[in-house]
Amino acid sequence: MMISNSVMSTNILNIMDKHQFKLSKHMHHLATGQRVASVADDPSGWAIGQRMDVRIRSLDASSRNAQFSLSMLKVAEGGVSSTIDILRNLKEKAIEAASDTCTDTDRRTIQKLFDQFGDQINDNANVTYNGQLLLDGSMASAAEPTAQVLTNQSLDPTTTASTKLTELKRRDGSSLNIQEGDTVNLSYIKDGKTYSGSYQVGTTTLADMLTEFNNIDQSIFDPSKLQADSTIGVDAHGETIHTADEQNAISFTAANTGLDGAVSGITISITDTKGQVKKTATTALNDFQESIAPRDAQGDTSFYIASSADANRGIRGSIDDMSSYALGLTDKNGHTIDVTTQKGANAAISAIDRALERALDQQTTIGAMSMRLEYTISNLTTESENLTAAMSTILDANMAKEMTEFTKENILLQAAQAMLAQNNHNASWFLSLLQS
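Numbers given in our numbering equal positions in the sequence shown, counted from 1, plus 4.
Keep in mind that the hints are not guaranteed to be accurate.
To be verified - Dumping the calculated DSS-like pairs for lysine-lysine here, alpha-carbon to alpha-carbon at most 25 Å: (1) Lys283 x Lys95; (2) Lys405 x Lys26; (3) Lys405 x Lys22; (4) Lys197 x Lys405; (5) Lys282 x Lys95; (6) Lys116 x Lys347; (7) Lys197 x Lys336.
Read the hints as simulated data drawn from the structure, not as lab findings.
Taking the hints into account, I'd like the entire structure generated from these sequences.
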């Protein structure tokens with residue numbers, strides 16, 4: 005019999021060590037809930053899981069950014085919505101003031117409302133989110149100095165600057181029926197003031213009409229840029245603007261660039277020798293819409309939303325200036341357009357319409373961006389969920405399997421302990437031999 009070395013006991017001890025190691029490993033998996041609890045468990049799986057974890061955290065951060073930005077846009081949209089409500093009320097009052105059923109006293113009362121609402125529009129433009137002004141132009145995109153362009157797409161495509169007013173036709177080719185004895189009534193609002201004038205049609209042309217606008221008080225349009233083609237011009241972002249139907253149209257371009265050179269609205273009406281308005285001709289001639297908005301030179305102050313886990317793949321947006329001056333309702337000093345006269349109130353209607361167009365355009369821009377962010381948040385959430393499920397497959401433990409293996413190793417360890425005790429007990433006969 006070998007006494008110095010008990011081979012059987014040594015073998016049993018080795019088996020116990022193996023079971024003890026496996027048992028502790030399964031206990032660790034059960035305690036942490038992870039199959040790959042350390043890099044030693046599965047180096048490649050650990051590396052893949054860590055990369056996925058970084059990606060998931062980045063996606064969650066991007067989703068939070070998108071949610072914060074959506075909240076910011078809702079604040080901005082609320083400010084624009086309030087401005088649009090004010091403009092609706094102002095147009096109602098301007099129409100009321102344009103009627104001679106209103107006395108001068110009534111118009112002065114309406115003017116007080118215009119003054120207060122003009123100031124409120126500026127308050128709306130100063131709404132903030134996290135200390136940042138939203139509607140004062142401080143989040144606008146980069147712009148080159150751009151002159152305002154007004155385009156009329158209601159006249160016949162063959163119309164040119166030299167076309168006589170008596171020869172003008174509608175888009176469908178029907179005559180406007182303007183006679184030489186008729187009167188052209190012009191008005192515009194600039195820097196909060198209303199200017200008006202009139203002249204006899206005679207043999208005058210559209211180019212002469214532009215000249216008459218400039219003769220009222222100051223040169224507001226550039227005669228050299230009176231154009232009659234489908235290419236309207238270049239906007240503040242360097243994009244070439246065309247007519248919607250790609251057909252020729254008459255365009256008036258402001259004499260100066262930026263907001264200082266812009267007019268808030270122009271009105272043109274034709275009256276016959278009895279003073280009656282020729283509505284067909286007036287409707288067609290009065291349809292000069294702002295096709296290129298005036299912009300002052302400005303650096304890029306647009307905002308960036310880090311809505312992606314990757315660099316430079318977020319969303320860039322901008323919000324234009326929604327102050328009463330930018331909308332053409334006041335001058336730089338805050339003086340509101342004048343509605344204390346019938347002509348002033350009539351011109352104010354056109355100015356308010358143009359302000360409504362700008363405000364609605366900005367509101368729809370904000371709304372479109374908000375809708376996009378909602379889809380962005382949904383996409384980021386879905387991607388994060390799917391990656392989390394994939395990472396769980398790689399890193400997380402199968403608890404049922406781990407519990408089964410733990411029980412198995414625990415039983416085998418206890419069996420090995422019992423066999424070691426039995427082996428030691430079997431060797432006790434040698435002690436009895438020595439005693440005898």
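> Among the hints numbered above, which are violated by the structure, and what are their numbers in rising order?
Replying inline: Number 4 only.
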